[in-house]
Each structure stands twice: as C-alpha cells, then as structure tokens.
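Visitor: Let the hints inform the model, and build the full structure from the sequences given.
Quick note: this note's numbering has the sequence shown finishing at residue 761, numbered continuously throughout.
Each hint should be verified, as a subset may be incorrect.
What the hints assert, rightly or not - Label-pair ranges, simulated between beta-carbon atoms:
no., residue 1, residue 2, range
1, Ala305, Gly334, 38 to 46 angstroms
2, Ala305, Arg362, 16 to 24 angstroms
3, Glu501, Glu615, 51 to 59 angstroms
4, Leu425, Ala275, 27 to 35 angstroms
5, Asp384, Gly279, 41 to 49 angstroms
6, Pro407, Glu596, 28 to 36 angstroms
Worth flagging that the hints you see were computed from the coordinates, not collected in a lab. Virtual Cβ for every residue (Gly too), placed ideally from N, Cα, C.
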Amino acid sequence: MLSSFKHKLAVYFLLLAVAPLTAAFWGFGTLAKREEERRVDARLEAELRAVYASYGQSADQVRVRARSLGARRDIQRGFRLGRFGSLPRGVAAVGPHRVAVGRRGTLEARQIVQVRAGRRVIGSITAVLPLDRTLLRNLRSNSGLAHGDRIVFLPRSGHDRHRLAAGRPLAVLVARSRYRAVATGPLSEQPKVQIAVLAPADAIAAQAAATRRRLLYVLLGGLLILAAIAAAEGRSIMRWVRELATAAEAIGRGQLDRRVPVRGRDEFADLASSFNSMADQLRARMVELELQRARLRESLGRTGELLTATHDEEQLLSLIASAAVEASDAEGAVLIGEHGAVVEVGTLADDAKTFELPIATGESRFGILILHAAELGEDDLLATRALVAQGANALENARLHEAIAFQAISDELTGLANRRRCQEQLAAEVARGERYETPFALILCDIDEFKAANDMHGHPFGDLVLRQFARVLEGTLRDIDVSGRWGGEEFLVILPGTTLEGAIDAAER
Numbered sequence: 253m254l255s256s257f258k259h260k261l262a263v264y265f266l267l268l269a270v271a272p273l274t275a276a277f278w279g280f281g282t283l284a285k286r287e288e289e290r291r292v293d294a295r296l297e298a299e300l301r302a303v304y305a306s307y308g309q310s311a312d313q314v315r316v317r318a319r320s321l322g323a324r325r326d327i328q329r330g331f332r333l334g335r336f337g338s339l340p341r342g343v344a345a346v347g348p349h350r351v352a353v354g355r356r357g358t359l360e361a362r363q364i365v366q367v368r369a370g371r372r373v374i375g376s377i378t379a380v381l382p383l384d385r386t387l388l389r390n391l392r393s394n395s396g397l398a399h400g401d402r403i404v405f406l407p408r409s410g411h412d413r414h415r416l417a418a419g420r421p422l423a424v425l426v427a428r429s430r431y432r433a434v435a436t437g438p439l440s441e442q443p444k445v446q447i448a449v450l451a452p453a454d455a456i457a458a459q460a461a462a463t464r465r466r467l468l469y470v471l472l473g474g475l476l477i478l479a480a481i482a483a484a485e486g487r488s489i490m491r492w493v494r495e496l497a498t499a500a501e502a503i504g505r506g507q508l509d510r511r512v513p514v515r516g517r518d519e520f521a522d523l524a525s526s527f528n529s530m531a532d533q534l535r536a537r538m539v540e541l542e543l544q545r546a547r548l549r550e551s552l553g554r555t556g557e558l559l560t561a562t563h564d565e566e567q568l569l570s571l572i573a574s575a576a577v578e579a580s581d582a583e584g585a586v587l588i589g590e591h592g593a594v595v596e597v598g599t600l601a602d603d604a605k606t607f608e609l610p611i612a613t614g615e616s617r618f619g620i621l622i623l624h625a626a627e628l629g630e631d632d633l634l635a636t637r638a639l640v641a642q643g644a645n646a647l648e649n650a651r652l653h654e655a656i657a658f659q660a661i662s663d664e665l666t667g668l669a670n671r672r673r674c675q676e677q678l679a680a681e682v683a684r685g686e687r688y689e690t691p692f693a694l695i696l697c698d699i700d701e702f703k704a705a706n707d708m709h710g711h712p713f714g715d716l717v718l719r720q721f722a723r724v725l726e727g728t729l730r731d732i733d734v735s736g737r738w739g740g741e742e743f744l745v746i747l748p749g750t751t752l753e754g755a756i757d758a759a760e761r
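Guide: In structure tokens:
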C-alpha cells in the first residue's frame, strides 16, 4: 500500500512530527500558564508597592498628628500633672501619662510617640490607624488597582492558613474562591497583620486556556502544511540534500574548491548558489585571516607604544583588555584588577571557553585577564601573553610614577600635603578668588606643649602625636579641603569657598 517512497516519507514525517508537536503543545501550554501567572504576579507586586506606599502615607499622617499634638503646651502640662482638661476631637486620654489619637477600630495599627520635656520622657501618645473598610477604600482609590483585584488585611497567627511569605506570590483560597496573592511582611505598626493584594485565579486560567487554544490551532495548521510539503517535495529534497551534505563534508575536510551543481531557478537553486558563494567567501576569508593575523602581530608593536604613553592605571587596564581581544581574535574579555576594578570588552558568551592570563611582573600583581573565545590557537596565546607582559611593565611604571609623584607633594611622616603642595594650592586659591571673586579661608594651627612632650617622651612619641593629629584633620575636613604640614608641629588648612564664619566653625571642630 505504501508503494511510493514519497508516501512513505509523508507517513514517516507525520509519525515523527506528532510526538514533538504534542510535547511542544504541552510545553508551550504550560509556559503560557506560567507566563500569565508571572504577568499577574508582576502586576500584583506593582500594585502591592503602590498600596503599601499609600498605607505608609496614612500611617505618617497619624504619626505627624501625634507628634504635633505632643508639642502642644497644654498636652505637655497635662502629662506633667497626670490629668488633662479638654482634648481635641479624635484625642482621648487612656491613662495619666498616655493619650491616643485617631479613630479606634476592631483591627488597628499603632505607633507610640514619646513626649519629652528636655531629656525626660513625661508621657506617650499612641497614634491609631484603624485597619477597616474606610482605609481599604482609600488604599484602592490611591493605588489604581486593576479591575477585579482586591486588597485585604490578613491577621497573622501561628495556625493561620492564610499566612503568606512577604513578597512571594502564592495561590490561596479565600471565601471558597481561588486567588493569586502577594503580601507584605508583618506591618511594623501591627506585627500581627499583613497587607495582601489578590487577583482572581479564574481570570488567569481563562487567559491561559485561550492561549492554549490558539496554540493548538497554529500547531495543527503547521502540521498539515508540513505534511503536504513533505509528501510533494520529499524525493527531490532528499536527493539535493545528499548532494549538499557531500559537498559540505568535502569542504570540512579542507577541499575548499568543492561546489554543488545549480539546477533550475527555484529556492533550492538559490540555496545552491548561496552555498557555492559561501565556499568562495570561505576560501577568501581564510586568505584574509592570514593577512589579518599578520596585521595584528604588527599592531602589537603599536600597542606597546600606546601602553607607554599614559600612566593612568584604569586607562592601561582598559587598553590591555581591548588590545588582547584584538590580538587574539577572542569574542570578549574580562580584566579583573588587583583592587577590584573590572573591565569588560566584547561579548562574554556563556558557552565560550575561558583562558586566564595573570598580569604580573616579579612580585607585583596587577590582576588577571580572562579571554572568552570558542578556541584560541597557540600563536594567538603567545601574542596575547607578549601583550600582557608589555601591559604589566606599563602598569609597574605607572605605579612607580604615581609613588614618585605622591612623594613629591606629601609629607613623609603624616601623609598630608607638604609645604610645597600647600604653597601651590594656596597660590591656586588666590588666583581663583581674584578671578571669580570667591572666598576661601586659611587655618594655621599647631600642637600645644608639643616640644615639651617630645623632649619628655622622645621623638617616636612626638611622631605618633603628629600622625594622630593628621588623622584628626583628615576626618574632620571636607573632601575639597586641603590640609598639610607647614613645618614642625605647625599645620595649614585651606578651605575653598569658605567664609570667615565657616572657617571658625571648622577650626572649632
């Protein structure tokens, strides 16, 4: 009955396609339901944030009222006397030294505000926010909930089946109806209550079912179309595929002159032409790659010149990473500096291999370079190692340059600016003040009885005093201020943009 190979191919295609399509339908259906749940969860989380923010505003209003009430003289006098006269509306005395403000309810959120006279606590005011339908209506109107979504207050207890983990969407059963819910943690003002936002589970299920129906129609239609195409074109496709596979295998073995015949003017003829064009481009690309590698090796010399042109460590790290990717033909690279600086270049594919190259010279360590590539040849690794070695030398020179520059402007004992640096900064501030008419201030200070302490306890003790005083200056001043050792136990502080009053305040600190 199945005398025709074309018919057999169609039957085999149907048998092989039904199982994957069934699995695809089940998988995509499950994915559609999960995606709908994720969409609803994201909406509920956004709504919960808006609801909680609105609740916080309501709680803040009650707390602010309680604080303003505690600042009133008649209330403070009542606390001191232990009795109150007439109280404002919504305020009630609940003890000789306790007052409650706000509407009372069956379920309440409470905040206690202490009332002080000087440093002494003379009483407390309890700010009460009723967790009732009125508050729920306000929260809903202020939060913009989607149609059908609900806000509820959930009392918490050890045996409460509705207890929800904070921020974790869950399916719950409320009043015999299923919902998708997201809740806050216990309220700070009422630890036994959570705020939850609910979405009907029926709507989620209906949307997922509609998606599955559309998916089923698409899969069935695709199956019929593919079966018809397979029955009509199976034989010619198989013959052409065999020719194409044979040619591809030959090119894979290195026979770059192998081509496939082009027959007719249909899509397969176009594909055959494209395959032959690809083979031509591949052969040309191989030649181009050889030339490109030669150019890359030549560029290593130029990169070395660039590395010696700057002493900025961040620029050097970025240059090393970029040059390494270019020299090795890697897809991307990550350079992790010794102090945590991270430089990323190119594409960091998860399925790519990684090649780690330390950046070091002798005992100095500057970080590690991690190349991401499908594969790296020995020539690429050698070229990259040579470049990394150049980069390490450049980083070593940069550190030496930085150390020398720091020593030239810093006091060796205290680490503050030395007299030369102070004079340069002072001249700059004078010029800036004359040009822009901006104020600046100077503080010249010394350490009392320093010479006596130094003579009594010795120079090491005196050096310790100078270092400790320097630390005090650094911890007290702003980042833009300059503190330096003017000479001996004398220190100079330059305060840009500071008036006389500001300088006096800084000196007193």
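Visitor: Hint by hint, which ones does this structure get wrong, listed from lowest number up?
Guide: The structure breaks only hint 6.
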